[in-house]
Every structure is written in structure tokens, then in C-alpha cells.
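Visitor: Okay, here's what each chain looks like letter by letter:
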Amino acid sequence: MKIPRILLVDDEVAFANNVLKLLSKRGYDVIAVNDGESAIRTLGEKEFDVVILDMKMPGMDGIATLKEIKEKEPLVEVVILTGHGTVESGIEGMQLGAFDFVMKPANIADLHEKVCQAYQRKLIEEERIKQQESGR
Amino acid sequence: MKLGSETIGNGDQIGGERGGKNHYSRLYRKFVFLTLICSLAPLFLVGWGIYIYYSGFSRMRIENYFKSQVEHHRGIIELFLRERTSDLQLVIFTHSPDYLQKTPNLRRVFNVMNREGCFFTDLGIIDDQGRHLAYVGPYDLMGKNYSKTFWFKEVMKKGVYISDMFMGFRNAPHFIIAVLRTEGNRKWILRASIDTEYFRSLVENVKMGRTGEVYLSNREGILQTTPRFSGKIMEKAPLPAAFFHKESGIGILETDRDDPNQQFPRQIIAYTWLQNPRWKLVIKQDYSEAFRDVNHANRAALIFLHLSLLVILIISVISTRYMIKVIKKRDEEADRLNKQLTQASKLASLGELSAGVAHEINNPLAIILTENQVIRDSVEETPNLDDSFKTELFTSLSQVDAQVQRCNLITQNLLRFSRRTKSRLETVNLNAFLEEIIQLMEGRAKGMGIQFSADLDKDLPAFLSDPSQLQQVFLNLITNAFDAHDGKPYGTISISTRSNNQREGVEIVVADTGSGISPENMEKMFDPFFTTKPVGKGTGLGLSISYSIIRRLGGDISVQSEIGKGTQFNLFLPFMPPADVQENLDDVFINPHSSA
Chain A
142 MKIPRILLVD
152 DEVAFANNVL
162 KLLSKRGYDV
172 IAVNDGESAI
182 RTLGEKEFDV
192 VILDMKMPGM
202 DGIATLKEIK
212 EKEPLVEVVI
222 LTGHGTVESG
232 IEGMQLGAFD
242 FVMKPANIAD
252 LHEKVCQAYQ
262 RKLIEEERIK
272 QQESGR
Chain B
463 MKLGSETIGN
473 GDQIGGERGG
483 KNHYSRLYRK
493 FVFLTLICSL
503 APLFLVGWGI
513 YIYYSGFSRM
523 RIENYFKSQV
533 EHHRGIIELF
543 LRERTSDLQL
553 VIFTHSPDYL
563 QKTPNLRRVF
573 NVMNREGCFF
583 TDLGIIDDQG
593 RHLAYVGPYD
603 LMGKNYSKTF
613 WFKEVMKKGV
623 YISDMFMGFR
633 NAPHFIIAVL
643 RTEGNRKWIL
653 RASIDTEYFR
663 SLVENVKMGR
673 TGEVYLSNRE
683 GILQTTPRFS
693 GKIMEKAPLP
703 AAFFHKESGI
713 GILETDRDDP
723 NQQFPRQIIA
733 YTWLQNPRWK
743 LVIKQDYSEA
753 FRDVNHANRA
763 ALIFLHLSLL
773 VILIISVIST
783 RYMIKVIKKR
793 DEEADRLNKQ
803 LTQASKLASL
813 GELSAGVAHE
823 INNPLAIILT
833 ENQVIRDSVE
843 ETPNLDDSFK
853 TELFTSLSQV
863 DAQVQRCNLI
873 TQNLLRFSRR
883 TKSRLETVNL
893 NAFLEEIIQL
903 MEGRAKGMGI
913 QFSADLDKDL
923 PAFLSDPSQL
933 QQVFLNLITN
943 AFDAHDGKPY
953 GTISISTRSN
963 NQREGVEIVV
973 ADTGSGISPE
983 NMEKMFDPFF
993 TTKPVGKGTG
1003 LGLSISYSII
1013 RRLGGDISVQ
1023 SEIGKGTQFN
1033 LFLPFMPPAD
1043 VQENLDDVFI
1053 NPHSSA
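Residue numbers (my numbering), protein chains in the order written: chain A, 142 to 277; chain B, 463 to 1058.
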């Protein structure tokens, strides 16, 4: 089975490292970056299935990064990390094509579940496209 | 009996900021004073001007009247004396001395002279030696010699002489007119005494009211007639001769306070000098009588002034009172709004702060949570670990989890309190909604010995509101009511609804029979983080969240409480939430869990 490739974008280095560790142990291939620009760059260099994206970041913020990601890699699913105070930004993210959002402080089990669902959806989506292409 | 009442929506305790009653009574006095100044100053100015002008004018008029009277009277007296002198001259120049010195002839002439009135008392012919040649009259003067008398010498010198009043041989006050005729070296004199009574009546017939008097006096100040009040004929006149230094004059005589003999009322006096004889004619009258009309007018004006004063005073008091009432009402309104604004801005800034704090705390919490998971994972993977150590460690880690969840709950509450949370409006059937809540809470209530009593208005219409926020409000209030019964074996929580068609909303009352709220806590109870519950039991946000929710939905909360008896929350909710809440309806609230 293919290992799901995850790009984690969060400016909190400690949080990003922890999540990286935890998800890696749960069988994911995770790369963590700390800002939107690095995320876009890394996305150009490597292929990913799911992006975990923090909304509140210095420099390029979550929404801008999300737009850029969806433009470049529309198939990549995005799970948004958001605080309670910015539920609206989570909703906005979903309107822009994000898969779902997880409220901080995130329980690793919840996050795991969401990432799993996102990955499932990506697989289904890929399958659908493949079938469409072969159908033609 | 109510111990205290705190209304945030309507706000009482007004006026305290402005110094209360004192402030208004000061303002009242100031306004009355200013109004009085503004209205009285022109009144006094106009009144004073009119008074000055009118009294000057009246005084001039009265003085002119006196002047004309005295002049007119002088004319009459002089005319009389001239006519009598002419009478005598006519007789002496048309009759020979021989004819006149015969008594019957003289009597005939005397009678003719007195035909038009009793002007003369007697008539006599006197030769140049001063001997009486003939005499007609009531006195026995025949044979008297006048050569030594002053008048004889004067008439011999001047030809015509009018004497002052004197006693003479007859020993009664009288005066005489004597004329001289010279023919060659022969001289004779026709002499007549004027009827004193007639003359006096002539002089004194000027009637000047009750206190007026007229008299004549000679150059030495000896009275020539008897005044009505001051002195008798031949006596010294009451006024010093020096007073009459001008040919004619008018003036006001003031009493001399230092001289007890000179006490008389204030008088107006007019005088003029006669040409021949040099007598002065004096007319005087008490000032108060002469100026009676003026004084009367002044008194009337004074009464009018006082009446105006009274009217102005009453009007200014009434108008000021009205003004103060209006100002007070405005102030109260302003204070009420101010208080509401203060409360709202306090909550708003606290909301901002709480939202910021909550958000910042979320990040470290997220790290702690993941860190916790990392430890868990590591422990799970480490072989040969003591079981009891593992158990202890996991217990501690669970505790860390639980405490992070607790922090999470607090930040959630904080964020809910902040205004960032948007309302989700739905049609709410409040009665059914409240019954649901009561059902939800009944289990816990029973355990505490608390009963619910609901009195719901059956005709209450369904209306637009935010059910999830309302649920929070009522859960908060009921939880507080539970806590207020802490230590009591039983109690009641009553909930009632009444639709108020006038205010277009519903009035909800949540009352408990708990411990009540002390007056000092009453003021702070809606403030965020204020709690009377033990540490760890309450965040102090419940009521402030409830308050901000109700205010956001366009309603208000007030509370009445009495220590030991219970607390009553009165809520009002409008049937239509405010426009700004309704505008947010477009931002459809998406439940994150429903989309998963």
C-alpha cells in the first residue's frame, strides 16, 4: 500500500515537530515547514496527498497559501488547523476548497481521523479521474 | 421588600455622576438669578427713566403753576393799590382843599370812593403842617398832628406814599395811601387808610389746597397780612428776609433738623416782590400736597413695579422649574445611555481581550496536547518498563489531557463571550424550548431537592431568535439557581413567559428561592470573571455571556434579589432581533462536524 504523503504547515515549530513525529509513527510520510512560502516551494519539489495548513501565520497566511495550493495542485486535499476565534477562517477555507478544519488545540486522534478521511477522498478522486480518462 | 435592584438594560442609579440633587438646586438658583437679572434690569432701567422724566416734568409743571400764581396775584394786588392811589389823586386834583376840608363834602367824596366796595376805612385832609383839617371815618382822629410821622415826611418828599402796616393813633394794624397836591406854596395831603379786612381777603383769597398759604411781608420781614398758619400780622415772618434776595423765585424749603424751632414739613415756596410798596408776596404749600398727584402716580408706579416683580419672579420660578425638569430628564436619559455604553464598551473591550488571550493560549495548549501524545507513544514503544510506573505515568498524562480540556473549555467560553461569535437565527417556539430545557435539567434538580414550576403564556407566538445562544443563557441561569440552593434541602425554580405586545417581545422571569445576591455583588454580577463560586467551579463568565447574548438579540436583563429569599432575573426578548444581527444571517453557520 502506498504511504500517504503529508505536508504540515505551521509556524509553531514545537507543534509542527510533535505532529510530524506523531503522524510519522502512525505510518505517514510527513514533511513539516513553518511558513506559506516554504510550503508552496516544497509542494513544487515533491508530490503530496494531504496538506495540514495552519490559518494564522506570519507572512503568507493560511488563506493565501490555500489559494495558491488549490491553484497549483487542485487534487491535493487540505485540512485546516484553526483556533476557536477564527472559525470563520476555517469556513472560508472550506469555501475555497479545503477538505475540513480541525480546531486547535487539536487532539491527535481527531487530526489523524481528518487526515485519514482527506486521504481517502483524494484516492477516490484520483480513481474517478483515472476512470474518466480511460473511459474516453 | 426589595433590598436592591440592578438593571443593566434600563439602568437606574441616575444623577449620581452629576452631583445629584445639589447640582440641580445650584443650577436652579443660577437660572432663577439669571432670569431675574435679565428681566429686572430692563424693567428697572425703563422704570427709573420714566420716573426721572415724569417727576422732573411734573415738578416743572407744578413750579410753573406756582410761578404763574404768584405773578398773577402780584398783578392783582398792584392793580388794586394803583387804582386806590388813582382814586385819591383824582379826588385831590379835582377838588379844592377848601371844598374838601368841609366834612360833609369829604363824606360825600368818601362815599363815592367806597361805592364799588369798602376799600377805604377813612379819609382825611392834612395840611403841610401835619394838622388834620377834616376826617371821615370811625376813629376820633381830628386834631391829631402827623408832622412827626414817617409817612408824612415821605409823602411830603415823594408826592405819593403807601405805608407798611402800622398801629398808629388808632392802635390797630392798618396801612395808608397818601397823596400830595402842591399849588403855589400851598400843599395839602389826602390820606386814606385801606380797609385791612378787605385787603387781607384780597391777598389771601388765593386758595392753595389744605396746606397752602399766601402772605405779604415788608422788606424787614414783618408780616403785612395774617398767613393761615405761620404767624400773625405785624409779627416777624417765619422766613428770614435773606431768603428773598431775587426779584422773584421758587424753591423747596427743607426743614432744618438741627433747629427744633424750625420744624415744619417740606414746602414748596414761590415769591415775588411788589414794586410799590416793596412788599414780597409769598405763596407756599406743603410739598406733599403740592406734589400729591405726582406722589400718587409714583405710588401707583411702585405698586405696578412690585406686581411686575412678583409676576416676573413667579414666571421665572415656574419656567426655571420646567427647564430644570427637562434638563434633568435629558441628563437622566444621557446617564442611562452612558451607563449602557460604558457597560457595552467594557464588555466589548473585555471581549476583544478575551478573544486574543484565548487564541494565544490555544497554541501552547495544542503543543502540550501533542507533547502528551508523543510521550504516550514513546512509553508504549519502550519495552521492559515497570507496569506500575507505566500506570502512574498514564494517569498523570490523562490528568494533563483533562486539564488541557478544561483550559480548552475556558477559552471556548471566552471566545463565546467575545463578539466574534455570530448569531444563527431560527424560528423559536420559546415555550417548547423552555420545557425542553427544564426536562434536561430536571434529573439534576431532583437530586438537589429542587422543583421546577413553569407558568408559560399559551398565546406566545413563535419568533426569530438564536436557539443555541438562548439555550446557553437559560442553562447559565438555571445552573446559577442550582448553585444558589447549595446547602438548602429544597427549593423552587420558577420560569414564566408573558408576551408583551406593546414592546413587541416576550418577558421571561427566572426566579429561584436560593441564597440571594448581596447588594455589593449586584453591581458586579454581570462583569466578566466575577464569580462568588469556589475556585475551579465557575469561570465568572456565565452571566456576562448571557448578558451579551441577550443584548445582542436586542433584549435586556435585569435582576432583583434579596439575601436569604432568592433572586429573580427578568429578561426581555424582542420578537424581531436587531437589524445588524439579521444582516449576519447571510453568513450561514456551518457546523464543522456535520460536514465530516
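Hints in this document: simulated from the structure, not taken from any laboratory.
Be careful, since some hints might not be right.
To be verified - Pair by pair, the computed Cβ-Cβ distance ranges are:
id, chain 1, residue 1, chain 2, residue 2, range
1, A, D170, B, V819, 35 to 41 Å
2, A, K143, B, F992, 52 to 58 Å
3, B, G818, A, R182, 52 to 58 Å
4, B, G818, A, K208, 25 to 31 Å
5, B, K986, A, Q236, 25 to 31 Å
6, A, D170, B, E822, 38 to 44 Å
7, B, G818, A, R167, 49 to 55 Å
8, B, V819, A, K143, 50 to 56 Å
9, B, P923, A, Q236, 51 to 57 Å
10, B, V819, A, Q236, 46 to 52 Å
11, A, K208, B, A894, 40 to 46 Å
Cβ atoms here follow ideal geometry from the backbone N, Cα and C, with glycine treated the same way.
Visitor: Are the hints correct? Go through all of them and say.
Guide: Against the structure, the hints:
1. A/D170 / B/V819: 35 to 41 Å: holds, 37 Å
2. A/K143 / B/F992: 52 to 58 Å: holds, 56 Å
3. B/G818 / A/R182: 52 to 58 Å: violated, 31 Å
4. B/G818 / A/K208: 25 to 31 Å: holds, 26 Å
5. B/K986 / A/Q236: 25 to 31 Å: Because 42 Å falls outside the window, the suggested range is violated.
6. A/D170 / B/E822: 38 to 44 Å: Cβ of A/D170 to Cβ of B/E822: about 32 Å, so the range 38 to 44 Å is violated.
7. B/G818 / A/R167: 49 to 55 Å: The hinted range 49 to 55 Å is violated for B/G818 and A/R167, with Cβ atoms some 33 Å apart.
8. B/V819 / A/K143: 50 to 56 Å: For A/K143 against B/V819, whose Cβ atoms are near 43 Å apart, the range 50 to 56 Å is violated.
9. B/P923 / A/Q236: 51 to 57 Å: Since B/P923 and A/Q236 have Cβ atoms about 35 Å apart, the given range 51 to 57 Å is violated.
10. B/V819 / A/Q236: 46 to 52 Å: violated, 28 Å
11. A/K208 / B/A894: 40 to 46 Å: Check passed, 45 Å falls within 40 to 46 Å.
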